[in-house]
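Protein chains in written order, with the working numbering: chain Y, 14 to 278; chain U, 1060 to 1354.
Since the hints were derived computationally from the structure, they do not count as laboratory data. No residue lacks a Cβ here, since even glycine has one placed at the ideal position from N, Cα and C. Among the clues, some could well be false.
DEER-style ranges, computed between Cβ atoms [to be verified]:
(1) Q1156/U to L57/Y: 24 to 34 Å
(2) Y1105/U to F184/Y: 50 to 60 Å
(3) K1345/U to I106/Y: 22 to 32 Å
Chain by chain, the residues run as shown.
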Amino acid sequence: MLKRAVLLGAYVLFVLLPIYWLVNMSLQTNREILGALTLWPENLTFANYIKIFTSSSWYMGYVNSIIYVLMNMAISMSVALPAAYAFSRYQFIGDKHLFFWLLTNMMAPPAVFLLPYFQLYYTIGLFDTHIAVALAHCLFNIPLAVWILEGFMSSVPKEIDETAFIDGYSFPRFFLRVFMPLIRSGIGVTLFFLFMFSWVELLLARTLTSTQAQPIASVMTRTSTASGIDWGTLAAAGVLTIVPGIVVVFFVRRHIAKGFALGRT
Amino acid sequence: MNKVRNNSAWWLVLPMLALVTFSAIVPLMTVVNYSVQDVLDPHTRYFVGVEWFVDTLNNPGLQAALARQFAFSLTILAIEVPLGIGVALLMPKRGWQASLVLILVTLPLLIPWNVVGSIWQIFTRGDIGLMGWSLRQLGYPYNITSSSIDAWATIILMDVWHWTSLIALLCYSGLQAIPEAYYQAARIDRASRWAVFRYIQLPKLTNVLVIGVLLRFMHSFMIYAEPFVLTGGGPGSSTTFLSQSLAIMATAQFDVGPSAAFSLIYFLIILLVCWVFYTAIMNLQKDRRGEGPDA
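Produce the entire structure from the sequences given, and follow the hints as far as they go.
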C-alpha cells in the first residue's frame, strides 16, 4: 500500500513540478528570475498579474478565447444531440458510412485546413470574428461530440423511448424532458471535451483572427520583445490560462471517472 | 441494440451534416482543387495533374519529416500506454483522495498547447529552468538549442507529461466498470496480482485502450504548437514534424499547389494507419470471441 502511494506520489509530482515552476516564475520580477535561481519567490510580487488585469489588450485575449469556446460548445452540442440520437436509435441508408466519414474529420490535421479556412472566411467576411473560430473548431468538435453522445445514448434502453411515446409525449418534449436528463453525465462529459479541445487549440484560432478576436494564445507571443522575453508576464499569462480548465474539471469531477470511457466500458 | 429502420432519421442528422459540409468538405475540396493546379496569381493557373504529388513524395526534406514523425509517434505510444495503465492501477478508487488525484492528473490536458510549450521552455532553460539548471549542476551539458538528442528527449518528456493522463483517465474509467465480485472470485482462487491484471483487468481495458491509442496516435501525428514553442523545430530541422513543415510551406512560402498535395498525402497517411489499426484490433477480438467459451 505504501509502495503504491509513493509511486503515485512520484507521478503526481512529475505532473505538478513544471506547473509549480510556472507559478513560481509568475510571482517574481524579471530581475529575480534572471538573477540567481530561487526555488520559491523571495520578493513576492503580483505586478505581473496586475499588468495583465489592467491592460485591455491582455485581458481581452482571455475574453475572446472564452467567447469562441462557448459559442463552439453551443453550436456543436445543438447539432450533435439530434445526430447522435439518430445514430444510436435508427438504421437509415448510409448510416455506417456517414458515421465513419464523420470520425475521419477528427483525424484531419488542422494544418491541412489552414489555407482554405483563411480564404473561405476572408471571402464571406467572417475573418477576425469569434464565430469564425467557433465554426472552424467544429471540424473536430462535432465528430467528437457525436461519438461520445452516441455511446451514452446507446446505453439507455430503447423501451424508455417507446414507453414515453405511448404515454403521448411528442418527440421534442420527450427529448428535452425525459431523454436529456437520463444522459446528463454524458452531456457533462461531452461539454468537458468540447471545452478542452477548443480551449487548447492554437493554430486555427491564430490564423483566423488578427486584432478583434485575438485569442490569448497569440496575445502571449507579444512577451518576446527586442530587449528579450518578459518571462514574468509570460508565466503569469500561462498560469491564468490554466484557471478555466481547473474550474471546468472541478464541475465534472464526479462524472469524469465514468465518462472518460465515453460510455463504452 | 436492434435499431429501427427509418430513413426519416436523416432529418435529425441534417443540421450536423450541413455544418460539417461547411467546415470540412468545402475546405477539403479547395485543397483538392489546388493540389492539381499551378497557381501563379489569382488569374493565371494551369492544370498540372499529379505533378505536385510526385514532387512531394520525392522531396527529401518531407521524407525526413515523415520518418521523424513516425519515430516520435511510436516512441510516445510505447511510453505513454504502459505508463498510463500503471498510473490508472495506482489511482485510489473512491473518497476525496480519488477526486483530488483525478483533478491533479487531468490538469495537463487542459492547458493550451502553446502554453505547454512555454511551461517546458521555462522549465528546461539552462539559466532559469529548474530541470535545465539541475541537470547542469549535475555536470551534464544540457542544451536543447544545440544538441538534437537533448531536444528530442525533452520533447518526448514533454509529451509524456502532457498526455499520459489521457490514457490513465481512460483506463481508470475502464477499471471502475469492473464489478467487485470478479476480484472476490480471484481472491478465492488465490490468483496472483499478475493473473488478476492479465485475465480480469486487461480484457476490460481493451475498449478504452483502443480509443486511447487512436486518439494519441492522431494527435501526436498532428503535433504543432508544443515543439514550435519549445524548440522551433531545431536544432537544424531535427525536431521539425509534419504539421510544422506544412505550416511553413503554406503560410510562409505560400506554395499553394505543393502544400495542398502534401496536405492530402498527410491526411491519407493518418486515415490509413487508423483504419489498419482499427481493423486489426476488431479482427483480433472477433477471432478471440470465436474461440473462447465465454463468447
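Each hint, compared with the structure:
no. : hint                          : in the structure
1   : Q1156/U to L57/Y: 24 to 34 Å  : holds, 31 Å
2   : Y1105/U to F184/Y: 50 to 60 Å : holds, 53 Å
3   : K1345/U to I106/Y: 22 to 32 Å : holds, 26 Å
Hint compliance for this structure: every hint is met.
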